[in-house]
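Trainee: One-letter residues, chain by chain:
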Amino acid sequence: MKKSIFILALLLLSSAGFANEAYQKAMSQSIEKLFQAKTIPEYVEVANQFERISQIEKAEWLPLYYASFAYIMISFQEAENTKKDLYLDLAQKYLDQAMAIEANESELFMLQGFLYPSRINIDPINRGMALVGKMNAALDKSLELNPDNPRVYYLRATMTANMPEAFGGGAAKALPLYQKAAEKFQSFKPKTELSPNWGKEMNDAELGKIMESIAK
Amino acid sequence: MRSILIISVFILISANSFAQALLSGKVTDSQNNPLPGANVFIQNSYDGTTSDSIGNFSFKTSQKGIQNLSASFIGYKPFLRKLDLDSSKTITLNIVLLESDDQIDEVVINAGSFEASDEKKAVVLRVFDIATTPSAQGDIFGALGTLPGVQKVGEDGRVFVRGGEGYETKTFMDGMLVASPYTSKMPDMPSRGRFSPLLFSGTLFSTGAYSAEYGQALSSIVDMKTNSIETEEQSSLSVMTVGLMGSTTRCRKNSSLSLSGDLLTTALSNKINRQQVDWTKSPVTADGTIMFRQKAGETGLYKLFGTFNTSSSGMIYPNIQTGTNQDILLNSSNIYLNNTYNSQLGEKWMMKSGLAFNYDHQNIDLDKDRIITNQKMVQAKIGFSCFLNEQTELKFGADWVNFSYEQKIRMDGNFRLPFTNNELSGFAEMEYKLTKKFATRLGFRAENSSLLNGTTIVPRFSGAYKTGDHSQISLACGEFYQNPENDYLKFAPQLKPEKANHAVMTWQYLTELKTFRVEGYLKKYNNLVKFTEQMTTNPLDYNNLGTGHAEGVDIFWRDKETFKLTDYWISYSWINARRNYKDYTMAAVPTFVSEHNLSVVYKRFLPVLNTYASLTYSFASSRPYHDPNLSGFMNAKTQQYNDISLSLTYMLNFFGKQSALHLMLNNVAGFDNVYGYNFSNTPNAAGKYESTPIRSPFVRQAILVLNIML
Numbered sequence: 001m002k003k004s005i006f007i008l009a010l011l012l013l014s015s016a017g018f019a020n021e022a023y024q025k026a027m028s029q030s031i032e033k034l035f036q037a038k039t040i041p042e043y044v045e046v047a048n049q050f051e052r053i054s055q056i057e058k059a060e061w062l063p064l065y066y067a068s069f070a071y072i073m074i075s076f077q078e079a080e081n082t083k084k085d086l087y088l089d090l091a092q093k094y095l096d097q098a099m100a101i102e103a104n105e106s107e108l109f110m111l112q113g114f115l116y117p118s119r120i121n122i123d124p125i126n127r128g129m130a131l132v133g134k135m136n137a138a139l140d141k142s143l144e145l146n147p148d149n150p151r152v153y154y155l156r157a158t159m160t161a162n163m164p165e166a167f168g169g170g171a172a173k174a175l176p177l178y179q180k181a182a183e184k185f186q187s188f189k190p191k192t193e194l195s196p197n198w199g200k201e202m203n204d205a206e207l208g209k210i211m212e213s214i215a216k
Numbered sequence: 217m218r219s220i221l222i223i224s225v226f227i228l229i230s231a232n233s234f235a236q237a238l239l240s241g242k243v244t245d246s247q248n249n250p251l252p253g254a255n256v257f258i259q260n261s262y263d264g265t266t267s268d269s270i271g272n273f274s275f276k277t278s279q280k281g282i283q284n285l286s287a288s289f290i291g292y293k294p295f296l297r298k299l300d301l302d303s304s305k306t307i308t309l310n311i312v313l314l315e316s317d318d319q320i321d322e323v324v325i326n327a328g329s330f331e332a333s334d335e336k337k338a339v340v341l342r343v344f345d346i347a348t349t350p351s352a353q354g355d356i357f358g359a360l361g362t363l364p365g366v367q368k369v370g371e372d373g374r375v376f377v378r379g380g381e382g383y384e385t386k387t388f389m390d391g392m393l394v395a396s397p398y399t400s401k402m403p404d405m406p407s408r409g410r411f412s413p414l415l416f417s418g419t420l421f422s423t424g425a426y427s428a429e430y431g432q433a434l435s436s437i438v439d440m441k442t443n444s445i446e447t448e449e450q451s452s453l454s455v456m457t458v459g460l461m462g463s464t465t466r467c468r469k470n471s472s473l474s475l476s477g478d479l480l481t482t483a484l485s486n487k488i489n490r491q492q493v494d495w496t497k498s499p500v501t502a503d504g505t506i507m508f509r510q511k512a513g514e515t516g517l518y519k520l521f522g523t524f525n526t527s528s529s530g531m532i533y534p535n536i537q538t539g540t541n542q543d544i545l546l547n548s549s550n551i552y553l554n555n556t557y558n559s560q561l562g563e564k565w566m567m568k569s570g571l572a573f574n575y576d577h578q579n580i581d582l583d584k585d586r587i588i589t590n591q592k593m594v595q596a597k598i599g600f601s602c603f604l605n606e607q608t609e610l611k612f613g614a615d616w617v618n619f620s621y622e623q624k625i626r627m628d629g630n631f632r633l634p635f636t637n638n639e640l641s642g643f644a645e646m647e648y649k650l651t652k653k654f655a656t657r658l659g660f661r662a663e664n665s666s667l668l669n670g671t672t673i674v675p676r677f678s679g680a681y682k683t684g685d686h687s688q689i690s691l692a693c694g695e696f697y698q699n700p701e702n703d704y705l706k707f708a709p710q711l712k713p714e715k716a717n718h719a720v721m722t723w724q725y726l727t728e729l730k731t732f733r734v735e736g737y738l739k740k741y742n743n744l745v746k747f748t749e750q751m752t753t754n755p756l757d758y759n760n761l762g763t764g765h766a767e768g769v770d771i772f773w774r775d776k777e778t779f780k781l782t783d784y785w786i787s788y789s790w791i792n793a794r795r796n797y798k799d800y801t802m803a804a805v806p807t808f809v810s811e812h813n814l815s816v817v818y819k820r821f822l823p824v825l826n827t828y829a830s831l832t833y834s835f836a837s838s839r840p841y842h843d844p845n846l847s848g849f850m851n852a853k854t855q856q857y858n859d860i861s862l863s864l865t866y867m868l869n870f871f872g873k874q875s876a877l878h879l880m881l882n883n884v885a886g887f888d889n890v891y892g893y894n895f896s897n898t899p900n901a902a903g904k905y906e907s908t909p910i911r912s913p914f915v916r917q918a919i920l921v922l923n924i925m926l
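Protein chains in written order, with our numbering: chain G, 1 to 216; chain C, 217 to 926.
Check each hint, because a few of them may be wrong.
Once the Cα atoms are required to be at most 30 Å apart in a straight line, the calculated DSSO-like pairs of lysine-lysine come out as [what the hints assert, rightly or not]:
# : chain 1 : residue 1 : chain 2 : residue 2
1 : G       : 38        : C       : 276
2 : C       : 649       : G       : 141
3 : C       : 730       : C       : 798
4 : G       : 84        : C       : 873
Among chain G residues calculated to face chain C with C-beta under 7 Å, some are [what the hints assert, rightly or not]:
# : residue
5 : 52
6 : 59
7 : 135
8 : 147
Here are some chain C residues pointing at chain G (derived, C-beta under 10 Å) [unchecked claim]:
#  : residue
9  : 265
10 : 922
11 : 926
If you are wondering where the hints come from, they were derived from the structure by calculation, not from laboratory data.
Beta carbons: idealized from backbone N, C-alpha and C, even for Gly.
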């Protein structure tokens, strides 16, 4: 009898293990797909996968994080402003749901800071003033929660690079920021295998471009 | 034992892996167009897929029994269907998704109204636009002056809409009445709105035929929506050539508290900007505002808005009517409190309730005479809305306003002119969306006044039809009543409410970045107050025999797309209006009406200078006035009105703080605008009635503001 209880316990444990394994597997496959996606349909497909995962794993913020990230990436590619806003509404919805699960996660505030520029670009003259402050507040909060979040440094560097020189921006001003971000990426260790770990390649590419133009 | 267990485990696993059902089909919209990219899956499982480029989907599931199949796609309502996965190994089904209601291309009832909002995506004006319109000088009502249908009446400052007087525009805050929205004014000088545009997240401005929810307004309503719960803690300080202003916001999880205050004095500004007024005391104003928001439960939100204001000023007024220079001293104070509580009641019901209080005190010393006016208003309001089904929304509510007025006059003796009115109103309104393209709204409003001793019941109707992806045609009409102005009621409480009929037709083209609107209207006035002599104290001299009409066309064009970093809008209004009211001897164009009004607002960001620049040009054709030296009535016209105003906002770092420097320049070209003339009551020795022109207190005005985020 003792034995059978033991086996039963083992069985229960392993089935929990199966569920966890299924989550791990579904997530790692989807994350891989996400960073290979190039077109809007590819992003939509992978966003749908994350949405499906999120409706089972109700305690996990990561599926929602990646679904939101996918829709922000879509908004960069979408040409029509009205649609862009719809995609960003969806990105915001998933991000809000993720925040409701995990209120103090540096990566979620970073993603909020990553979402705003896309909103601003739709109508910079009218949205700029209201949203730039909110964007900065989100990034500040992200750094407060994790002073070494390399993605925040990367985003700040990119924004500086895209700002006109008279505004305190430009490639020269952005260079040290990209270098600082590169340092942060170097020492960054994601909390888990599934945790956000993107941006290094993008940062290296931007850094390379600036170095090249300086070399000329 | 052990082996049995192992075997049963194997059976379980194998049952899972071998008995899979195949689901396939197609996702389309209601017109049978394929929808690629839809998420199709079994709820609470990983099993699912995305529809392909022609809307097809196919996936296997190992789930058993009755399961929910879900399908979702951006811009469409989620689809849910129960499936019995045991019934068959292959299930084929076609999924038809319905477009969601909050899509931008759905018809919206909007004839006669302009909405400024931060929430809705496609709106005509944003709150930020109001704050940065140069000719408005940060005044909400001033900014509304750049919209079509609004007359330029420079000596008044209130909003005159479509042949209506300033008092015919009523102001609301979160649906509650604001009894005295403007600052007290000196003779022939403009008043301003009491509230900063930064306190509001949206404004609904209707120039006619508004919903049955709004009553006691003949021409127009302005409903300002206050900010919701603040999520950012911040403080700011502004140093201005006209005073100091500070604000701070504190946030908790479910509540926020904002405090702001200012002390304004034009002493310095009046020296910088040459004045056409002889001030004995430069205007000084102190304001304090408190805003508190508290979430209650899932959907409840309590809002408190309170403001206190006190001001004083003095001037020498050359009163040509009496031929004397009058020493006028004006002291005023105002308290406004607004509490609202909104909550959802179940899935289909919404409740909105509110309690508002307004106290306004004004003391005018005119040489040795004194006029004290006290006004008190208490309002309680409750409203419900219910979504009967997908197409139908029902709204109804009740509203009680207690208003008491008292004027004490010390002028060759003591006089007291008090009156109290209890106004009880109810409304019901149904909005019905026949299709996504066609919507109608029918409402009724009943009002009962204790003072005017009567009940009025009026209908309101509007409809809208979508003519294209971005265009629609709307129609609205209705009857409107408003009690006569306090200045008449205090003498003659037997007067009846004044009445107006509106009919409005609009065609609109609206995208995210471009708006074009053309609106035609007809307006008829009845029961307007008429009398034989201004300020006559005999109640029998007042009657309701006045009439009037107005018709016109308003055109609005806004474009944020064509020019880079540029946003501009153009408003043009043509109006034909006549009135026979007050002491008019015949029907005539009233003094506040100019046939043509034009506003051009141009805003541009200049990255090189790190500056945001705005320019406004305003034009109004000449206005009529009565010259007693000529024969006939309303026999003369003023010159045209022109104004060019400019504002520059320069973003800078001020000792490490994010700051902005604003420079506002009014009437930069120095046009000498004359709004009309005051005439002497008696002719001079040569038999001529002498006159003085009515002008702005200043020709040009410059205001500098440094705003520092702390």
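Trainee: Run every hint past the structure and note whether it holds.
Mentor: Cross-check of the supplied hints:
no.: 1; hint: G:38 <-> C:276; verdict: holds, 26 Å
no.: 2; hint: C:649 <-> G:141; verdict: violated, 44 Å
no.: 3; hint: C:730 <-> C:798; verdict: violated, 43 Å
no.: 4; hint: G:84 <-> C:873; verdict: violated, 33 Å
no.: 5; hint: 52; verdict: holds, 5 Å
no.: 6; hint: 59; verdict: violated, 14 Å
no.: 7; hint: 135; verdict: violated, 11 Å
no.: 8; hint: 147; verdict: violated, 20 Å
no.: 9; hint: 265; verdict: holds, 8 Å
no.: 10; hint: 922; verdict: violated, 17 Å
no.: 11; hint: 926; verdict: violated, 13 Å
Hints 2, 3, 4, 6, 7, 8, 10, 11 from the earlier list are contradicted by this structure; the remaining hints agree with it.
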